[in-house]
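Chemist: Heads up: the sequence shown begins at 0 in numbering that gives the first Met the number 0, then just goes up one per residue.
Bear in mind the hints are in silico, worked out from the structure with no lab data behind them.
Just so you know, not all the hints are guaranteed correct.
[To be verified] Using 20 Å as the maximum straight-line C-alpha spacing, the simulated SDA-like pairs for lysine to any residue come out as follows:
id : residue 1 : residue 2
1  : K225      : E272
2  : K225      : A70
3  : K242      : P224
4  : K225      : A187
5  : K236      : A214
6  : K225      : G276
7  : K242      : G276
8  : K236      : V183
9  : K242      : A76
10 : K225      : A208
11 : K242      : Q266
12 : K242      : L263
13 : K236      : T261
14 : K225      : G277
15 : K225      : A191
16 : K236      : V200
17 : K236      : P224
18 : K242      : V180
19 : K236      : E207
20 : K242      : S53
21 : K225      : E207
22 : K225      : D201
23 : K225      : V200
24 : K236      : C176
25 : K225      : C176
26 : K236      : Q253
27 : K225      : D278
28 : K242      : Q253
29 : K236      : G13
30 : K236      : I14
31 : K236      : A269
32 : K236      : D201
33 : K225      : Q253
34 : K236      : E275
[Stated by the list, open to error] Ranges of calculated distance between the beta carbons of each label pair, as one might list FRET restraints:
id : residue 1 : residue 2 : range
35 : T162      : E110      : 18 to 26 Å
36 : S198      : C176      : 45 to 53 Å
37 : A274      : S36       : 26 to 34 Å
38 : T210      : R89       : 47 to 55 Å
39 : G82       : L291      : 43 to 51 Å
40 : A52       : A208      : 27 to 35 Å
Backbone N, C-alpha and C fix where the C-beta goes; we use that ideal spot for every residue, glycine too.
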Amino acid sequence: MTNRADRVGFIGLGIMGAPMVRNLLQAGFEVVAYNRSPERLHAAVEAGAERGASAADVAARSDVVITCVTASADVEAVVLGSGGVIEGVRRGSMFIDMSTIAPAVSRHVAEVLETMGVEALDAPISGGEQGAIAGTLSIMVGGPAGALERARPVLEAMGRTITHCGPAGAGQTVKLCNQIVVSVNNLAMAEALVFCARSGVDPAVMLEAITQGAAGSWQLSNLGPKVVARDFAPGFKVSLQQKDLRLALEAADQLQVPLPGTSLVHQLFAAVERAEGGDVGTQALVRSIEALAGIEVAAGVSSSA
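Whole structure, please, built from the sequences with the hints as guidance.
Modeler: The following block contains the structure:
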């Protein structure tokens, strides 16, 4: 069983990874960290982590290796590439990928590692930066049930809801379902805010009225007030949302499943990326609807865009 004596390797110290490492340290785990950007690695070391020289070095010094990077290609590189986890990992250790990537890539990585005697889980996360900071992430796990039980103490240091979704790749499939719902809810929020503003009703009042009813959603409660305040700082970047939507649409195409709402949101986010760049928060989706309507959402009296 994994316990507080186990050493955890953590690769990828971005918006989500950095606070996840802090929570592991606070839970009493020894952490060996590595990141391609040295300034982020320095911050993790200052927080109490040991410095890893490479992904292979982290794997060689850890009982459980976690990756939390951007895309499928990044996971393949950091795990299976030169200097990657595969060159340092030990038989009997565990690998957990908490990135959001293609389910097929998760299955491939798991198959390779399993031939080396390494248990592998795909465990993508939801909850945004605030969830990572608070240690309240939702974690969707694919892989053997026994491996999840071994990993549970580590995951509980970072998340509140941990769900076994099925075999390898199932965690990623469920995460893509999450992203489909999140993005379409974001669009519903944006349309409601713009409609409200055009109607001459204070959008802040509208949010107060409907967030606790049947229309309530995480996006409405957490992103709606940011839109009204014109705060487009990222809790989750548009570029990352677009990456996830591409994964969902690619998987849907392979399955011959139509996703018309997801396709529409993907195109509207593309307009945001062209106008605002990919580093704005996903609440900036409202900017595409505002542009179509010629109005800007704000508290009180609305104004023309």
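Chemist: Run the distance test for K225 versus A70: straight-line Cα separation, threshold 20 Å.
Modeler: Not satisfied, since the Cα-Cα distance of roughly 27 Å exceeds 20 Å.
Chemist: Given the hint that K242 pairs with V180, does the C-alpha gap stay at or below 20 Å?
Modeler: With Cα atoms ~15 Å apart, K242 and V180 stay inside 20 Å; holds.
Chemist: For the pair we were handed, K236 and C176, check the Cα-Cα distance against 20 Å.
Modeler: The given pair, whose Cα atoms are some 18 Å apart, holds under the 20 Å limit.
Chemist: Quickly compare the C-alpha distance for K236 and A269 to 20 Å and report which way the hint goes.
Modeler: Given pair K236, A269 holds - Cα atoms ~13 Å apart, limit 20 Å.
Chemist: Check whether the Cα positions of K242 and G276 lie no farther apart than 20 Å.
Modeler: Judged against 20 Å, a Cα distance of about 14 Å means the pair holds.
Chemist: Below or equal to 20 Å on CA atoms is what counts here, so check K236 against V183.
Modeler: Holds, at roughly 16 Å.
Chemist: Starting from the hint 45 to 53 Å, judge whether the C-beta atoms of S198 and C176 obey it.
Modeler: Since the Cβ atoms of S198 and C176 sit about 33 Å apart, the hinted range of 45 to 53 Å is violated.
Chemist: Next pair to validate is K225 with V200; report whether the Cα-Cα distance is within 20 Å.
Modeler: holds (17 Å)
Chemist: Could you grab the alpha-carbon distance between K236 and E275 and see if it respects the 20 Å cut-off?
Modeler: Status holds; Cα separation ~11 Å.
Chemist: Using the beta carbons of T162 and E110, state whether their distance is inside 18 to 26 Å or not.
Modeler: At 23 Å between Cβs, range holds.
Chemist: For a C-alpha distance cap of 20 Å, please report whether K242 and Q253 respect it.
Modeler: holds (17 Å)
Chemist: Check the hint pairing K225 with D278 against an upper bound of 20 Å on the C-alpha distance.
Modeler: holds (16 Å)
The structure fails hints 2, 3, 5, 16, 19, 20, 25, 26, 32, 33, 36, 40 (numbered hints given earlier, in ascending order).
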